[in-house]
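Protein chains in written order, with numbering that gives the first Met the number 0: chain D, 0 to 308; chain V, 0 to 367; chain W, 0 to 238.
Honestly, the hints are just simulated from the structure, not real lab data. Treat the hints with caution; some may be incorrect.
Chain D is nowhere near these chain V residues, computed Cβ spacing over 12 Å in every case [what the hints assert, rightly or not]:
| id | residue |
| --- | --- |
| 1 | Phe7 |
| 2 | Gly218 |
| 3 | Met325 |
So, partial list: chain D residues that the calculated Cβ filter (under 10 Å) puts toward chain W [as the list claims (entries may be wrong)]:
| id | residue |
| --- | --- |
| 4 | Gly80 |
| 5 | Lys83 |
| 6 | Pro84 |
| 7 | Leu159 |
| 8 | Lys168 |
| 9 | Ala172 |
| 10 | Asp175 |
| 11 | Asn176 |
| 12 | Ala180 |
| 13 | Ser183 |
| 14 | Lys186 |
| 15 | Tyr188 |
| 16 | Arg192 |
| 17 | Thr262 |
25 Å max Cα-Cα, derived DSS-like pairs, lysine-lysine [unchecked claim]:
| id | chain 1 | residue 1 | chain 2 | residue 2 |
| --- | --- | --- | --- | --- |
| 18 | D | Lys165 | W | Lys16 |
| 19 | D | Lys286 | V | Lys125 |
| 20 | V | Lys197 | D | Lys83 |
| 21 | D | Lys83 | D | Lys31 |
| 22 | W | Lys134 | D | Lys165 |
| 23 | V | Lys219 | D | Lys286 |
| 24 | W | Lys114 | D | Lys186 |
| 25 | W | Lys16 | V | Lys205 |
| 26 | W | Lys114 | D | Lys165 |
| 27 | W | Lys70 | D | Lys83 |
| 28 | W | Lys115 | D | Lys87 |
| 29 | D | Lys165 | W | Lys115 |
| 30 | W | Lys114 | D | Lys87 |
The beta-carbon is built from N, C-alpha and C at its ideal position, and this holds for glycine as well.
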Amino acid sequence: MDLSVPLMNSLTLGSLYTLMALGLTMSFSVTKIANFAHAELVTVGGYITALLVNWMGYGLGESLIAAFFASALLAVAMDEGVFKPMIKRGSRPLFLLVASIGIGLLVRYILFIYADLNAVITVQAKANIQLIGRFGRAGITTIHLWVFPITIASVVLLHLMFHYTKPGKALRAMADNEDLARVSGVKIYTLRRLMWFIAGGITGIAGGLWSAYSVITPEIGWYALLRIFAASILGGLVSFWGTIAGGLIVGFAENFGITFMNTYFHVSTAYRPLISFVILVIVLLLKPTGFAGIDVIGWIKEKMSRGGE
Amino acid sequence: MSDVQIEFLASYIPIFTSFVVLFAIYLIAALSLNMEYGYGGIPNFGHVFFISVGAYMAGVLTARVVDYIAGIKAGYCSGQASVLRTEYLSSHPAEAVGLFIASLVLGAFVGGLFGYAASYPALRLKEDFLAITLIFIGDMGRIIARNEEGIVCALTGLTGIANPLSFIKDVHARSLAYTAVVVAFAVLAYVYVQRLAKSPFGRLLKSIRDDDLAAMALGKVVPRVRGEVMIIGSALAAIAGVLRTFYIQGVVADDFQPLITFLVLTMVILGGMANNKGVIVGTLIMTALDQFISPSFLSLLGIRVEFDVTYMKYIIIGLIIILVLMFRPQGAIPEGPVETPALELSKSSEWDVEERLEIEEEASSSNE
Amino acid sequence: MVEYIVETRDLTAGYGKAVIIQDVNFQAEKGKITAIVGPNGSGKSTFLKTLFGLTRVFNGSVIFNGEDITKLPPEVRARKGLGFVFQVNNVFPNLTVKENLEMGAYAREDKEEIKKDMEEILDIFPILRERQKQKAGSLSGGERQMLAMAMALMGRPTLLLLDEPAAALAPKVVTQIFMKIRDIVNTGVTVILVEQHAKRALSFCDIGYVFSSGRIVMKGPGKDLLADERFVEAFLGKK
Chain D
0 MDLSVPLMNS LTLGSLYTLM ALGLTMSFSV TKIANFAHAE LVTVGGYITA
50 LLVNWMGYGL GESLIAAFFA SALLAVAMDE GVFKPMIKRG SRPLFLLVAS
100 IGIGLLVRYI LFIYADLNAV ITVQAKANIQ LIGRFGRAGI TTIHLWVFPI
150 TIASVVLLHL MFHYTKPGKA LRAMADNEDL ARVSGVKIYT LRRLMWFIAG
200 GITGIAGGLW SAYSVITPEI GWYALLRIFA ASILGGLVSF WGTIAGGLIV
250 GFAENFGITF MNTYFHVSTA YRPLISFVIL VIVLLLKPTG FAGIDVIGWI
300 KEKMSRGGE
Chain V
0 MSDVQIEFLA SYIPIFTSFV VLFAIYLIAA LSLNMEYGYG GIPNFGHVFF
50 ISVGAYMAGV LTARVVDYIA GIKAGYCSGQ ASVLRTEYLS SHPAEAVGLF
100 IASLVLGAFV GGLFGYAASY PALRLKEDFL AITLIFIGDM GRIIARNEEG
150 IVCALTGLTG IANPLSFIKD VHARSLAYTA VVVAFAVLAY VYVQRLAKSP
200 FGRLLKSIRD DDLAAMALGK VVPRVRGEVM IIGSALAAIA GVLRTFYIQG
250 VVADDFQPLI TFLVLTMVIL GGMANNKGVI VGTLIMTALD QFISPSFLSL
300 LGIRVEFDVT YMKYIIIGLI IILVLMFRPQ GAIPEGPVET PALELSKSSE
350 WDVEERLEIE EEASSSNE
Chain W
0 MVEYIVETRD LTAGYGKAVI IQDVNFQAEK GKITAIVGPN GSGKSTFLKT
50 LFGLTRVFNG SVIFNGEDIT KLPPEVRARK GLGFVFQVNN VFPNLTVKEN
100 LEMGAYARED KEEIKKDMEE ILDIFPILRE RQKQKAGSLS GGERQMLAMA
150 MALMGRPTLL LLDEPAAALA PKVVTQIFMK IRDIVNTGVT VILVEQHAKR
200 ALSFCDIGYV FSSGRIVMKG PGKDLLADER FVEAFLGKK
């Protein structure tokens, strides 16, 4: 059985899901908000990219940068406009979740109206995609040249930022204990804006890549949301490496899983989302901290240092 | 009144009945969500799924039974079968009404079962994760239903579930009669939910919802109470679904999107959580929104827009959710204090305030 | 003229709509240890947090080194030389011990001095040096308390606020902590501490303030308060 096609698909989709989920992991770990409007950060990025490429003749690279800024600004606007004021008034996480649903509806359907008026309810960025090589029976195209490096670079850069730069450590501190961060002198509001900007931006790029990879609609973010949550939750909603593991697992599970179920149990491919859903529920109920709760290196170190006492 | 005048009034009946029926069905749904979330503190954002369970049960039961009794050989999902079913139900009032009642009972039962099952995640998950899980459970139900032909004919939907009052030949009279039936159910639902809310069970719910410490002290009671709330709420939601199926005379999976949950949730939030009177207000406003921001109604007014106006509806819903949560989270009519027998007693003028203060002062001075 | 490093005038503050402390007129002398004692719920912690801007001020003012800082947010006050050690949740559990100490010096710009201070602190608290790379959440209660204090010191504060530094700690550790506090004061840092254990705090401090129901009811040198019959009866009897 030739596995090259499902393998390639899994890697590509897995990377895209990872990229989409990184922003959610970031925003949740710092603000503890389960942001359903995250979906719209994906969609907006996708549309900006598609429109710039198709109607303004920009290259994919420039359009992705535009998508970065568009989603980044949208994310900051969401926080400044709704989340931050609500938190200052002492809202519970659940209410913030509901508010995020409201924001999502607002943005999504404004986009729908725009798309309807301009006949772009379905659209795909017609970036210059060329076939570069083959992996078994699967084709390797320029899309893959964009997706894989960007995904890996994002994870590495985010990890470096959060563990080796002052703002990054301050963000982790804020995630742990906001009051303590403030008395240490952390300008929490400035850093919050920075965090949303970066989280939104990465998600926008993810949406842009998606629009080049496949057809998008204004609901594309909402449809992907289940996978995005599954991937983030596998990373415990706090760990970037966990998120990439989560994204790849979701990508693989959906491709291989559904192929397997289809071939041997005649399960329709329409049940793909169920696989992600099952992953989500299993992780939440059995090990809510996901991969973040598994600190292999730390565990080994501890075992070694205790041995010395 | 002249014939012309009667005819003129009669032409407004469909708008009137469709609004009232929709309002009543939404009200039952909203009251059930208010019970689960407002009183019980369980964010059942997969709520639409339980409505769909009732709707599917009504469709499956009625279609299968009628196909069997009437000996309909045509395919379960075929248009032919649909016509034959409608014919049968229109001419056999006893069976039609019987199936209607049976659907209600079955729907409530199965809905309650699913509700009970859904209460398990509530034990282990924090509220925002619980909400996430329930939202997606709801959608998974829809995905399964839209793929399995055997349930409600996947994408085409199951049809021929005729109105139980189809034996009434006059269209207007029939719709008015069914409207009365649905309204009766809504009234019953309201009375039931109100009594529950004011009962010891209702107070227990609120104390579990509000105070984690109290919940911990109550220990084993909490899962049982949560399970009960979900059973009741889901059964009610299912009833709303059954009523809807017989009104639309069909059922299709894609009608039950998470958007419906959010619409109902807005009714609850707008009206005021844990406040059934408020829910009536919220439901009224949102049903009006739902009805009036639709292409058909707007064209009646002569307004035409270039885009699908349903989009506008969801933008408004989104805005309402945001604005209410930001500026008036208690809703239109805030929750009142917990009503206990002691509260009732203290409201009476038997206890004079000054008298009470004197007694208290004496008691504290005797301690020193 | 006595120099007050911080004082409050008619300070009324609390959380949300609730007023916890009222009309508080307080002064802390530079270089001294000021203790705040009183029964549970009397507003001691709230007062301390108000000095740092973590509560809602309804009325009154907080003056630091002659400057009115009432409207300044905590992160700005940190840069003016204030330090705070919380009673609970006083470290960053997911950051390593070293990163915690780095956060303590967050408001400072002088990289070389920060490095020197880090070495010094790790000398003063050898346990922390040992556990440098460990996550702070895995430390014991006493170690965490030490880390919290070390973090605050990394900021080179001129005024250090301690919220029940000895709470829930073994007696041996408590003695150590109080010795460290004495050392810190000897380097010129002013300390204000809130303490549940009135006798211990008052015998240790220079000036004591007694809170009750959100107001100051007594104040004076620690030894005098301990000798005062009214105080002993009212606050030490009730234990």
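Each hint tested on the structure:
no.: 1; hint: Phe7; in the structure: holds (36 Å)
no.: 2; hint: Gly218; in the structure: holds (21 Å)
no.: 3; hint: Met325; in the structure: violated (6 Å)
no.: 4; hint: Gly80; in the structure: violated (21 Å)
no.: 5; hint: Lys83; in the structure: violated (14 Å)
no.: 6; hint: Pro84; in the structure: violated (15 Å)
no.: 7; hint: Leu159; in the structure: violated (15 Å)
no.: 8; hint: Lys168; in the structure: holds (6 Å)
no.: 9; hint: Ala172; in the structure: holds (5 Å)
no.: 10; hint: Asp175; in the structure: holds (4 Å)
no.: 11; hint: Asn176; in the structure: holds (6 Å)
no.: 12; hint: Ala180; in the structure: holds (7 Å)
no.: 13; hint: Ser183; in the structure: holds (5 Å)
no.: 14; hint: Lys186; in the structure: holds (5 Å)
no.: 15; hint: Tyr188; in the structure: holds (9 Å)
no.: 16; hint: Arg192; in the structure: violated (14 Å)
no.: 17; hint: Thr262; in the structure: violated (44 Å)
no.: 18; hint: Lys165/D to Lys16/W; in the structure: violated (36 Å)
no.: 19; hint: Lys286/D to Lys125/V; in the structure: holds (13 Å)
no.: 20; hint: Lys197/V to Lys83/D; in the structure: violated (36 Å)
no.: 21; hint: Lys83/D to Lys31/D; in the structure: holds (12 Å)
no.: 22; hint: Lys134/W to Lys165/D; in the structure: holds (18 Å)
no.: 23; hint: Lys219/V to Lys286/D; in the structure: holds (23 Å)
no.: 24; hint: Lys114/W to Lys186/D; in the structure: holds (22 Å)
no.: 25; hint: Lys16/W to Lys205/V; in the structure: holds (23 Å)
no.: 26; hint: Lys114/W to Lys165/D; in the structure: holds (15 Å)
no.: 27; hint: Lys70/W to Lys83/D; in the structure: holds (20 Å)
no.: 28; hint: Lys115/W to Lys87/D; in the structure: violated (39 Å)
no.: 29; hint: Lys165/D to Lys115/W; in the structure: holds (18 Å)
no.: 30; hint: Lys114/W to Lys87/D; in the structure: violated (36 Å)
Of the numbered hints stated above, those contradicted by the structure are hints 3, 4, 5, 6, 7, 16, 17, 18, 20, 28, 30, listed in ascending order.
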